[in-house]
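*Asks:* Start from the sequences, fold in the hints, and give me the full structure.
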Amino acid sequence: MHINELMQFLLTGLTLGGIYALIALGFVTIYTVTGHINFTQGEFVMLGALITASMVKGGTGLWAAIIASILLVGLFGALFERAVIYPARNSPVVTVIIITIGFSVAVRGVALLIWGTQSYPLPSFSSGEPLYVLGATMNKQSVWVLCLSLLAVSLLFAFFERTVMGKALKACAINRVAARLMGISPQRMSLFCFTLSAMLGALAGIVITPTTTATYDMGLMLGLKGFVAAVLGGLTSTTGAVLGGFLLGILEAMGAGLISSGYKDAISFLILLLVLLKRPEGLLGKPDGKRV
Amino acid sequence: MKQKERAKKNYFKCIAQILFMLMVAVIPLLITNTYYLGNIVLIGIYSIVVIGLCLLMGYAGQVSLGHAAFYGLGAYGSGLLTVNWGWEPLPAMLAAALITALVAYVIGASTLKLREHYLALATLGAGVIVYIFFNEQVNLTGGPSGFSGIPYFTIGGWVFSSEVSYYYLVWFFVFVAVVFARNVVDSRIGRALRALHGSELAAACMGVPAYKYKIQVFVVSAVYGSVAGSLYAHYVTFISPSPFGFQASVEFVLMAAIGGLASIWGPLFGVAAVLMLTELLRAVVPILLPTAGGEFEIIFFGLILVAVMIFMPGGLTGGVKDWWVRRSHAASPGTVTDPDKAPEDILPSAGSGRLSK
Amino acid sequence: MFRFAGKKLVLLVSLLLVLLLSAGCGGGADKSVSQGEQEKEVYKIGAIFDITGPASSLGVPERDSALLLEEQINARGGINGHPVKIVIGDNESNETKAVQVAKKLIEVDKVLAIAGPSTTGTSMAIVDTAQKNQVPLVSAAAGVSIVNPIDQRQWVFKTAQNDSVVVEKIIDYLGTIGAKKVAFLSMNNAYGDSGRKGFAEAAPKAGLEIVAEEKFGATDNDMTAQLTRIKSKQPEVVIVWAIPPSASIVTKNYRQLKIDAPLIHSHGIGNKTFIDLAGDAANDVIFPAGKLLVAENLPDNDPQKEVLVKYAADYEKKYSQPRSTFGGHGWDAVSMIVAALEKAGPDRAKIRDELEKTQNFAGISGVFNMSPQDHSGLTTDALVMLKIVDGKWTLLK
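Those protein sequence lines, which keep their order, are chains A, B and C. Number 292 marks the last residue of the first sequence (our numbering); no jumps. Number 357 marks the last residue of the second sequence (our numbering); no jumps. Number 397 marks the last residue of the third sequence (our numbering); no jumps.
Hints listed in this document are in silico derivations from the structure and should not be mistaken for laboratory results. Here the structure is a predicted model, which means the values were calculated and not measured. There may be inaccurate statements among the hints.
[As the list claims (entries may be wrong)] DSS-like mimics (lysine-lysine), calculated; alpha carbons at most 30 Å apart, straight line:
| no. | chain 1 | residue 1 | chain 2 | residue 2 |
| --- | --- | --- | --- | --- |
| 1 | A | K57 | C | K272 |
| 2 | A | K57 | C | K317 |
| 3 | C | K310 | C | K85 |
| 4 | C | K387 | A | K140 |
[Stated by the list, open to error] What follows is a set of in silico ranges between Cβ atoms, one per label pair, in the way DEER data are often shown:
| no. | chain 1 | residue 1 | chain 2 | residue 2 | range |
| --- | --- | --- | --- | --- | --- |
| 5 | A | G35 | C | A202 | 50 to 60 Å |
| 6 | A | G128 | C | K272 | 22 to 32 Å |
| 7 | C | D172 | B | A109 | 54 to 64 Å |
| 8 | B | S110 | A | L134 | 34 to 44 Å |
| 9 | C | V309 | A | L134 | 48 to 58 Å |
| 10 | C | G77 | A | W63 | 52 to 62 Å |
| 11 | C | K350 | B | L22 | 40 to 50 Å |
| 12 | B | S161 | A | L274 | 42 to 52 Å |
| 13 | C | D381 | A | V275 | 51 to 61 Å |
| 14 | C | N283 | A | I67 | 30 to 40 Å |
Even for Gly, the Cβ is constructed at its ideal location relative to N, Cα and C.
*Replies:* See the structure below:
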């Protein structure tokens, strides 16, 4: 096994990991603030990708399409929260999980109706030769994926730490009742974090499309992987989600490269289960004593 | 607890079971078209899985996103044992169920201590692993191409090859599944789990071994899946990994939710409603939109589920029951029709999808 | 709590079941298809394709081709004066649904024969249904197991080239370029698996060495890891067995890793989607395909040329979509059934016999010669090797 092969697996893993991290961040934002697990997250990814791809196909400039698509998906996330999550806000965890699964099925159906089953390509954000790192190659799009996910994470951090809105969200996450007593409306926060997560998901979908193309059913697997990454990171920690995402991506690439390409998903899920047994609170989550 | 109330309830239960049996018995006389009968066979098979899932989701309050794996283990277990080793279908079915129970025990023992969504994740992971196993063990399972030539179900020389005979076989199993589930729910475990649902902490303080009971229910629900899988394998006589993937697990959860969690009859209604609606759409949509394919079914499926969960959190059966309770309340205010019902169940906001038996 | 109710009921229902089982079996055999009434009536042919779901890129052109054929036949007066109705069924790329739809076509629509499904998986699922109900089935999928073992597949035929034929064509080509060390990368589904098995069987006989054998999932987003492993084994040629979009992603990753060995794909990339999605990376890809893609460039003495050019023109005119070899498989399945029906009349068993006697039938996928031993009827002559140059298919000599 040469160092350049290992390097190649690592780079591949990092690229995949960046995507998973973005999706995992969506899960974490919603979970910390509302306590719900939103299985529609994957469909935000799909919508972002497909809207951008078809806008570019229709002649819109790439960056204009990207921004428009992120905003549209954000709006969609807000509508989703108002129409579906808000009426069910007092339901137990199980019910909300099922609702989000059901809604994701419906969204996938609508996407199938609008876009059909074809795959839609998107040009790379910048053209040119791939980069070479220690004998391994990395195409320009992967660099974009990494940079944009890191940028999104830093912006998110700045937002949580530096703005009133962000602090209000954090307060909700720490203690919803106390936050409410302080005049923070949990419902507004819920609306806001769904919008934010939808936009994060859309971004993930857009940056990955130049390498994978966009299809109506791409959200299913990506959503699952994002969920796994989020749990791996502890479900309540932004840093954890990012770490979980990269870890999952690298595990997958290494599994495929070093052990068996057929079993790679099984390997990453197995490791996930082992991590959960050892540290049920995830890598960076805080134990919350809800274990019986 | 008033004896009279109980006796009355049990009387209704008996009536319901007899009516159910009569309906099952009569259907093939009314529906001679074997295609429709085949659909009812599938309704039966899925119902068995979903009854098991409802035990888990409704009473233990846990979501399983990997039930298709247990369903698949049953199907592959039966298929392999009968085709490769020449077993009789019935012992093969039992052996497959035993293997599935073991697998479920291992998964459950390690994750049921944790919070709700951890079992969801663990079963999801287990489902993915089992699915990959079916795909990768090419020499054993035939890999993604699957394998055919699974014999028809036989019991002591009687071959269930016709649609009608298979119909009775499957629905016999459904009936056994319902009766068994009823007994689980009415047993100590069922009562303990309902207590858990109310307050896990309070129940634990009263000495309810929550963890043990949850594992037992999880294993039972996996065995339900396995038996249904065996029935599927002998019905279609060809299996490949694709009907046992994540999507199937999600569909089972959706059917369970539509019918009503924590109810024994709910699964039957849920599965029947979903499959019949699919059939209806398949028939109606092409007339309205000749080029439309399966997308409408998917959209309706999802939206109906969301609507049901928001407006009737107890599913179809729960919704009807709520309506009935409300109606009788209106008729005679002040009488509590169901003393088993915790007060919170009557509050609209509680919407826990949980019924008292 | 009284528990005895359950036990009594079990006893009761068992009794009832036994009673009804005996009654039910008598009425079960329902043979209501009376031949006399079908005179001057519409001939119904069933067609099940994977119209939605993962395999829809196969199913949609197949359905469209079937409908195009229906229109053309009815425009020229039907079959022996009988109008034709093609009853389309969508199995949603799902095996259980395929069985359900097949039963519906047989029991409710009472079709004379069934064309499709599109993939090996869905076809395998309904083989048993066709055999049991004695309905001729002409699958549009490629897997050899659909028509083998032949003694258990009397009612089943297929139109797509056997994987073994495709493998043979690729091996012939490898012979001409003198490559010996081969790496094989396949999609982990029934299609990829069937190609992998076929190649692993044939390669040693042709003196080829498989230096690497890798797989990827149908929904995977990146195959760089697998390709890196392949690259380290230094194969002289890499064969990929997949369909788009995965096939396109592999191709992009392949170019990104700058692997020098020629890239050979399977016939699974025989539609425009592959080139659209892979972009520049698709250039220089070599693959075997039916002659449809290069119909206009075929020599005039080719027996299929006339059929091919007409089909391509009609299809592209009606649907404004580029031709697809899958559409061709669907077209062949239906037109073969129509030809058999024309000779045999509305009788399932006779149609089956006629299908088996099909000789020199110039279809889209090749010239079919069926026999009791061979229900797929094509040889390597049905295929040509193509190379993608500047985003276009060109015939490789």
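*Asks:* Evaluate each hint against the coordinates.
*Replies:* Status of each hint after checking the structure:
The suggested pairing of A:K57 with C:K272 holds, with an alpha-carbon distance near 16 Å, which does not exceed 30 Å. Between the alpha carbons of A:K57 and C:K317 the distance comes to roughly 23 Å, so the proposed pair stays at or under 30 Å and holds. A hinted pair counts as satisfied when its Cα atoms are at most 30 Å apart, and C:K310 with C:K85 qualifies at roughly 22 Å. This hinted pair checks out: C:K387 and A:K140 have alpha carbons roughly 27 Å apart, not beyond 30 Å.
Taking the beta carbon of each, A:G35 and C:A202 are about 58 Å apart, inside 50 to 60 Å as hinted. Distance hint for A:G128 and C:K272: a CB-CB separation of about 27 Å, consistent with the stated range 22 to 32 Å. The supplied range of 54 to 64 Å is met by C:D172 and B:A109, whose beta-carbon atoms lie about 56 Å from each other. Roughly 39 Å separates the CB atoms of B:S110 and A:L134, a value that falls within the hinted 34 to 44 Å.
Separated by about 53 Å at the C-beta atoms, C:V309 and A:L134 satisfy the suggested range of 48 to 58 Å. Roughly 58 Å separates the CB atoms of C:G77 and A:W63, a value that falls within the hinted 52 to 62 Å. A hinted range of 40 to 50 Å for the beta carbons of C:K350 and B:L22 is consistent with their spacing of about 44 Å. At roughly 46 Å, the beta carbons of B:S161 and A:L274 sit within the given window of 42 to 52 Å.
At roughly 56 Å, the beta carbons of C:D381 and A:V275 sit within the given window of 51 to 61 Å. Taken as a hint, the range 30 to 40 Å holds for the pair C:N283 and A:I67, whose Cβ atoms sit roughly 33 Å apart.
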